[in-house]
Amino acid sequence: MASVSVPAAGTAEGLLRRPRATTGFWSWVTTVDHKKIGILYGVTAFAFFLVGGVEALLIRLQLARPNQQLLSPSVYNEVFTMHGITMVFFVVMPLSAAFINYLVPLMIGARDVAFPRLNAFSYWVFLFAGLFTYSSWLLGGAPNGGWFGYAPNSVLDPTRGMTFYAIGLLMAGIASTVSAVNLAVTIINMRAPGMTLFRMPVFVWMSLVVQFLLAFSLPIITVALVELLFDKRFGTHFFDPVAGGDPVLWQHLFWLFGHPEVYILILPAMGIVSEILPVFSRKPLFGYQFVVFSGIAIGFIGFGVWVHHMYAVGLGPIANTAFGISTIIIAIPTGVKIFNWLGTMWKGDLTFPSPMLFAIGFVSMFVIGGLSGVTHSIVPSDYQQTDTYYVVAHFHYVLFGGAIFGLFAGAYYWWPKVFGRRLNETLGKIHFWVMLVGFNLTFGPMHILGLQGMPRRIQTYPKELGLTFWNLVSTIGAFTIAVSILVFLANVVLTQRKPREHEADPWDGRTLEWLTSSPPPEHNFDEIPTVHALDEAWHRKYAETEDGRVVPVPAGGSGAGSEAEGHGGHGGHGIHLPSPSYYPVVASLGLFVLGYGLIFSWWLVALGAVVLLAGLYGWALEPSVEPSEA
Amino acid sequence: MSEAAVVHTYESEHEATSTGLPNTKLAMWIFLASDVLLFGALITTYVVYRGRSVVGPYPSDVFDIPYTSVSSFVLLASSLTMVLALAAIQRGDLGRMRLWLLATAMLGMSFVGGQVYEFTTFYREGLALTTNLFGTTFYVLTGFHGAHVTVGILMLLTLFSLSFLGRLTQRDAMTVELVGLYWHFVDIVWIVIFTVVYLIPTGP
Amino acid sequence: MEQVETSERAPARRVGRVVRHPSPREYVRIAVVLAVVTAAEVAVYYVDWVHEHGLLIPLLFLFALIKFSLVVLWYMHLRFDSRTYARFFVMGLAGALTLYMAVLLMFRTFSG
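Chains H, F and W supply the protein sequences, listed in that same order. Heads up: the first sequence begins at 1 in the working numbering, then just goes up one per residue. Heads up: the second sequence begins at 1001 in the working numbering, then just goes up one per residue. Heads up: the third sequence begins at 2001 in the working numbering, then just goes up one per residue.
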């Protein structure tokens, strides 16, 4: 690996001594272990989920009845803006990152990602980006221009809110870009012997597509946000019509990112569901190659549809038609996946524990969201639907009914692997059903409200419009969702109090992570498995007879269950793992301070830059594995 | 072509990857691919707004093509010195590597110095960041490029210093290669900027 | 694809390959070409005949393309390296060209 030559062991190096903690608070701060980082992402993202959920409840309380003033118009703008920003950037993306970080190295038979310190850096920058954005509430006002920040409104708003928006999202973008390169290299380059690309689990494939979507779409919003920041902070004219600028440029740059972004939000959950459905159907995924190729197709075509967010801007019939066609086309690979999932379940030996319920919930709710999406693709129909609650219904069906349900499915499924114990099944079922009912009560009526003409982003509405009833139903639904989340939280608390069960393979899984113990040792596998087939773990446990019956491989075969007691394994000795480091968190702190400096003071920019540079230099000069431990 | 140098890249005994390619170089190319989109967006902004400034100064009022073309020569020359530095360390010739690394850094600094001089001249002629669309798009695009060059110079000087501390040897040729890839990228972005911004005339 | 030995301990592929590199002399030759092309770019900028016949922009693009390719293929070594690097770089490049051309068209940059 490229590095600088490491001095002889024992010489004092760098500004900071290498951290040594393996347990406790500092071990989490300095960890470079992808599993710990995955847990950090998951816990942090879930905390933001609760905050974003409270924001949603406030919105729903405000809209429950006409002419309310629970939230003033300007506060309302901040609340719905922060709700959107939070859910997109600080919940779904990092929850996906949690799963990707924890599982991908295990699923490909690796010991960690390609660049472990960079991985830690991504987490800390994400955390600081979220804290930075939220600190705006206390420092002059939160972002209030919608999560999509349209110019010129975002430029002309007199508060600091949209400046916090620009800088906060730039920070989050750095975290994700760097992570994208890291994970792309990991998946391409660190697979176990025998794991060809087409023996990778679908979840790993979807993760790979997502990394490229991130790498190619984030630079575009980076430029948009920089231009917004410069307009606000330095008086440039990027979106200033008086000087000849064009606010539509913002829309193009934003949606060039924003559309691939929604596929970034959904593909990991699709990957999760593609892992879960086969396990609880006791059948391989139907049409694995089709599922993989349609994921790639969705990623690719996803770059070619962005103008469907801009049909009503007046770009003209040629642009609208072209993008209408591409948007219709993208429904095809999506549909292919749905049919493959159904085909997986068809005539399967089905069982319905919580992960399976949430996975099926994903498929059904996502189909509904996808159908309303298809109606959006038709330009003249969208002229009626755009900027109404019909759109709000659509994206909540795909992002909540889709992504969130899928992520919960993953939580229930992999909880035993990560924490060594299964979540309570009864509470899981209650969570699922209450959430399913609550979700549909909340967002189902929004289709009707939208078609009745209720615009988006309004703080209140008059009684005469006849929107009251469904708004009230929607609010009741939202609180029902909240109850279901409380059930989940209770489940987590109760479960984590129980002693660990250490079941390596509680669900009779198909993929490599089930071959190691629960939780896995720090080095993941005592011996890196050699892969001979797709669903390698399954094939080590089961074989097919001539008449196609699945029979267990006789005991003493290639080691189902924990490899920790395996023959020939060296129990983790002699494996050089990357050492923990302070520098990722130091460098991210530098960026954090720099962010405030851009708003408040050039001295802070200088300080932040110095800390950032110190962190980067220390990092570059420190070996990835401490020689004394090699 | 002519004499091919046969070079073994040194990697540690334990390194092995699914593609046979080193992680860091793969990472650098993916990063550069994403950076193409970054500069593409800035250049697109410039081109969209070309000729739309409501007030002057306009490009033809301030551009000094001979001056800027000297800058272009300088940056291209720095790509040559960069690749010579890499060739040197791959042969194990640390002395030559230091020479060429320093030359690259100095050429880079001349380029940035030249940019700074150019910007201050434009500023004195009435083109500030906020004067008009041209000022806005020009300074931000070329400023981003200049910032990239500056980061490159810092990396070059760091490598130069490390080589004196015994921290950069033939085994670390890959590090020089990676910095080189970044440096050449910055050069090709300039090739595009020089053409699109300076040479292609902005209409009346 | 990559079929490898089945031994548990065998790494997938060793890194460390024999790579052909141009010699310093070749690099200098390329630099000379780059300088000549740059000079040509500046020259056509000043030649009225070129402007009058609408050749300026095509020529400038051609020259830029030549310089770009020389640096990428020789200095950045893509001509001699694994195709994988080139594939990723071209992905970014092709993506940028397509997407941004579409934006420019929608802003009617090329008409009127």
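Note that these hints are calculated values from the structure, not bench results. All values derive from a computational prediction rather than experimental measurement. Worth double-checking, as some hints may not be accurate.
Pulled a few chain H residues facing chain F out of the computed Cβ check, cut under 10 Å [unchecked claim]:
# : residue
1 : Val181
2 : Leu197
3 : Gln211
4 : Ala224
5 : Glu227
6 : His237
7 : Val367
8 : Tyr617
Idealized CB from N, CA, C, for every residue including glycine.
Original post:
Against chain F, with CB atoms and a cut of 10 Å, does the hint on glutamate 227 of chain H hold up?
Top reply: Holds: closest Cβ of chain F sits about 7 Å from glutamate 227 of chain H, inside 10 Å.
Original post:
Measuring from the C-beta of histidine 237 of chain H to each C-beta in chain F, is the shortest one below 10 Å?
Top reply: holds, 5 Å
Original post:
Given alanine 224 of chain H was flagged as interface, is its beta-carbon under 10 Å from a beta-carbon of chain F?
Top reply: holds, 7 Å
**OP:** Have a go at the valine 367 of chain H hint: is there a Cβ in chain F nearer than 10 Å to its own Cβ?
**Re:** Interface hint status for valine 367 of chain H: violated (33 Å vs cutoff 10 Å).
Original post:
Would the hint on tyrosine 617 of chain H stand, with a C-beta cut-off of 10 Å toward chain F?
Top reply: holds, 8 Å
Original post:
For the hint on glutamine 211 of chain H, does the least C-beta distance to chain F fall short of 10 Å?
Top reply: Constraint on glutamine 211 of chain H satisfied, holds at 8 Å.
**OP:** Verify the interface restraint on leucine 197 of chain H: the C-beta must sit less than 10 Å from at least one C-beta of chain F.
**Re:** With a minimum Cβ separation of about 9 Å from chain F (threshold 10 Å), the hint on leucine 197 of chain H holds.
Original post:
Can we keep the valine 181 of chain H interface hint, with Cβ of chain F closer than 10 Å?
Top reply: holds, 5 Å
Hint 7 alone, counting from the list given before, is not met by this structure.
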